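Sequence order for the protein chains is A and B.
For the first sequence, this note's numbering assigns the number 2 to the initial residue and increments by one for each residue that follows.
For the second sequence, this note's numbering assigns the number 2 to the initial residue and increments by one for each residue that follows.
Hint data in this document are derived by calculation from the structure and do not stem from the laboratory.
A couple of the hints might just be wrong.
Which residues of chain A face chain B? A few of them, derived with a C-beta cut under 7 Å, are [as the list claims (entries may be wrong)]:
(1) Gly19
(2) Pro56
(3) Ala63
(4) Ala64
(5) Ala67
(6) Val87
(7) Lys92
(8) Met95
(9) Tyr149
(10) Pro158
(11) Val159
(12) Leu162
(13) Pro163
(14) Arg164
(15) His268
Fair warning: this is a prediction, and the values are worked out from it, not measured in the lab.
Glycine is no exception: its CB is placed at the ideal position from the N, C-alpha and C atoms.
There are 2 protein chains.
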Amino acid sequence: MKFGINLFPTVGPGDKSGVRFFEEALALAERAEQLGYHHVKTVEHYFSAYGGYSPDPVTFLAAAAARTERVRLITGAVLPAFSHPVKLAGKLAMLDHLSHGRLDVGFGRGFLPEEFWAYQVPMDESRARFNEGVEACLRLWTEEEVTYEGNFHTFGPVTLLPRPFQSPHPRVLVATAITPESGEAAGAAGYGVMMVPSINKQEKLQEMLARYRDTRTTAGLTTTDEDVHFSYNCYLAEDRDKAHRLGQVYSERTNSLLASAVSSWQHNRSSDYAGYERIVARVNSSDFNKQLRDNKVLVGDPQEVADRVELIRSLYGETTISLQIVSGNMPFEESVRTLELFAEHILPRFS
Amino acid sequence: MKFGINLFPTVGPGDKSGVRFFEEALALAERAEQLGYHHVKTVEHYFSAYGGYSPDPVTFLAAAAARTERVRLITGAVLPAFSHPVKLAGKLAMLDHLSHGRLDVGFGRGFLPEEFWAYQVPMDESRARFNEGVEACLRLWTEEEVTYEGNFHTFGPVTLLPRPFQSPHPRVLVATAITPESGEAAGAAGYGVMMVPSINKQEKLQEMLARYRDTRTTAGLTTTDEDVHFSYNCYLAEDRDKAHRLGQVYSERTNSLLASAVSSWQHNRSSDYAGYERIVARVNSSDFNKQLRDNKVLVGDPQEVADRVELIRSLYGETTISLQIVSGNMPFEESVRTLELFAEHILPRFS
Chain A
2 MKFGINLFPT
12 VGPGDKSGVR
22 FFEEALALAE
32 RAEQLGYHHV
42 KTVEHYFSAY
52 GGYSPDPVTF
62 LAAAAARTER
72 VRLITGAVLP
82 AFSHPVKLAG
92 KLAMLDHLSH
102 GRLDVGFGRG
112 FLPEEFWAYQ
122 VPMDESRARF
132 NEGVEACLRL
142 WTEEEVTYEG
152 NFHTFGPVTL
162 LPRPFQSPHP
172 RVLVATAITP
182 ESGEAAGAAG
192 YGVMMVPSIN
202 KQEKLQEMLA
212 RYRDTRTTAG
222 LTTTDEDVHF
232 SYNCYLAEDR
242 DKAHRLGQVY
252 SERTNSLLAS
262 AVSSWQHNRS
272 SDYAGYERIV
282 ARVNSSDFNK
292 QLRDNKVLVG
302 DPQEVADRVE
312 LIRSLYGETT
322 ISLQIVSGNM
332 PFEESVRTLE
342 LFAEHILPRF
352 S
Chain B
2 MKFGINLFPT
12 VGPGDKSGVR
22 FFEEALALAE
32 RAEQLGYHHV
42 KTVEHYFSAY
52 GGYSPDPVTF
62 LAAAAARTER
72 VRLITGAVLP
82 AFSHPVKLAG
92 KLAMLDHLSH
102 GRLDVGFGRG
112 FLPEEFWAYQ
122 VPMDESRARF
132 NEGVEACLRL
142 WTEEEVTYEG
152 NFHTFGPVTL
162 LPRPFQSPHP
172 RVLVATAITP
182 ESGEAAGAAG
192 YGVMMVPSIN
202 KQEKLQEMLA
212 RYRDTRTTAG
222 LTTTDEDVHF
232 SYNCYLAEDR
242 DKAHRLGQVY
252 SERTNSLLAS
262 AVSSWQHNRS
272 SDYAGYERIV
282 ARVNSSDFNK
292 QLRDNKVLVG
302 DPQEVADRVE
312 LIRSLYGETT
322 ISLQIVSGNM
332 PFEESVRTLE
342 LFAEHILPRF
352 S
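Could you put together the complete structure from these sequences and hints?
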């Protein structure tokens, strides 16, 4: 198992200034490295307190790269639909150098209608744009004199600079929220997957993972813990009651921001997002105590969270887990203590 | 006068690896801060050794922000034609926070045909796209619930996150290569200018500056040294002959990369780039000894370079000068020595 942190911001200007959010996020990245964590990850979102402080994960990760030496830096995810592939592949290659090859690139399709509307990208083109964006980045990283003729971008012959540091290219991960076919496609292409345990039932997730691993086996690839990524809201305290009480506060705040961010799915349909209209009901019916019972959050005292991780390993096998330790705008000191308690009690047992 | 460094890369994979270029660039940024320089600047270019290691200046400057505390960070320039304004304004706002408000944003139109071809942006739309991109970023930084209806981008109502750190927004500079009207437009809007002494005659530059300053005066604005930026190839050595001999090598290497980068202007015309077809002849006829005589390069021993700066001040008034100390792929030690000699002998006299 590998463990890192996902610095998914869930704050707006009324909650925390940008300068303070980023200063704390950099301090947490440094502390995570000191404590032996595997990675620092962040998201690409816009406009709302649900991730909107991070419209460009590469910008933050470049600063984190300059403050750390060992920890891996992971985009979780960048959204090719909203960037030209020359720009996206180029800045990721820069980050690969700035970090001396510590970059893993997670790509996502995006799923929030307001973001697509702002970029004037039809959601029905989401899958095609995603596939094209990932393909174009891969070709720009691995080939010279690339001529690309896609439905959305045509260019070349061009040779991207800088060439990436890692050879043939940084590890590629693909965000697969609820569609099993996305996982299979990623497996067939040799990419890792970032799955979302909080919005999928245990049996569904197991099935998605089995299909992913089977596809890789068929393709002659072994699957390691670094090929399967999960993110979990995380809050630890020595006292179990306190952990549950405050963990509930932070988790419910995050959930309410997610509910607000997905609310336009009530009136939105897209052929590229089958079933997403149900996401609103699913998020709104989410209940902290049910999440706790269903092991959808890593909340509790150290022994309890260790048991939760053990259950995750027994259900899903060896994976990489990203701890969302700033979710719900918990105070910085609580993020630090969560990070430290997890490092002391859980990292040694599973790493 | 203010003095900083412009880390304009002039290397390709055959000259220097990306990892080494960026490690040296970060070390130079840290050293510049220690020595009392005002800023660190870098460019946006693609594909060729003429700047191509820097397809996204924000990515490098975010790393530089994390390694420094006082020095200003300047995009010189970002090119709005190649980014969606939501993405561009968003990542610049992140950098503004990551640097605690040390960001100045230089915007440019771009001028290399190959870059426009790769992005499939007609060069005849360059000025309109530039104006729209700058305007959209400014509105996203200063207004909430922005509805933008342009020729190239339409979006809103959206509120950009994070809001920028500096109020009302980071200082804005506009790159004005050879067109006096661009300088006047920048002055009327209250923006600073980045002018290019190396490709303009002294009288032309003086006229552009006079029109810029007049426009500001008419608008009720004073013009400070931070409103007018120049970049110069720079190489210093204690020994004058050595300075000229090696300064010539680095300067000619840079010039030959520029000549190659602009060569397609021979067969290219654009209504938005009147006169650019002559840029090829101008670059090709460039001669180091003439540049030295015309004071177009800051090359020499410390006394000579001090005299050159004195002449620049007497001709153009109080300005900000960015020293191109990695031009022509000079060895890292030579960049450091140039930085140190300039800091010792020239900074105290003009700062």
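Do the hints match the structure? See the list:
no.: 1; hint: Gly19; verdict: 3 Å, holds
no.: 2; hint: Pro56; verdict: 3 Å, holds
no.: 3; hint: Ala63; verdict: 4 Å, holds
no.: 4; hint: Ala64; verdict: 4 Å, holds
no.: 5; hint: Ala67; verdict: 4 Å, holds
no.: 6; hint: Val87; verdict: 6 Å, holds
no.: 7; hint: Lys92; verdict: 4 Å, holds
no.: 8; hint: Met95; verdict: 5 Å, holds
no.: 9; hint: Tyr149; verdict: 10 Å, violated
no.: 10; hint: Pro158; verdict: 10 Å, violated
no.: 11; hint: Val159; verdict: 5 Å, holds
no.: 12; hint: Leu162; verdict: 4 Å, holds
no.: 13; hint: Pro163; verdict: 3 Å, holds
no.: 14; hint: Arg164; verdict: 6 Å, holds
no.: 15; hint: His268; verdict: 17 Å, violated
The structure does not agree with the numbered hints 9, 10, 15 stated previously, though it agrees with the rest.
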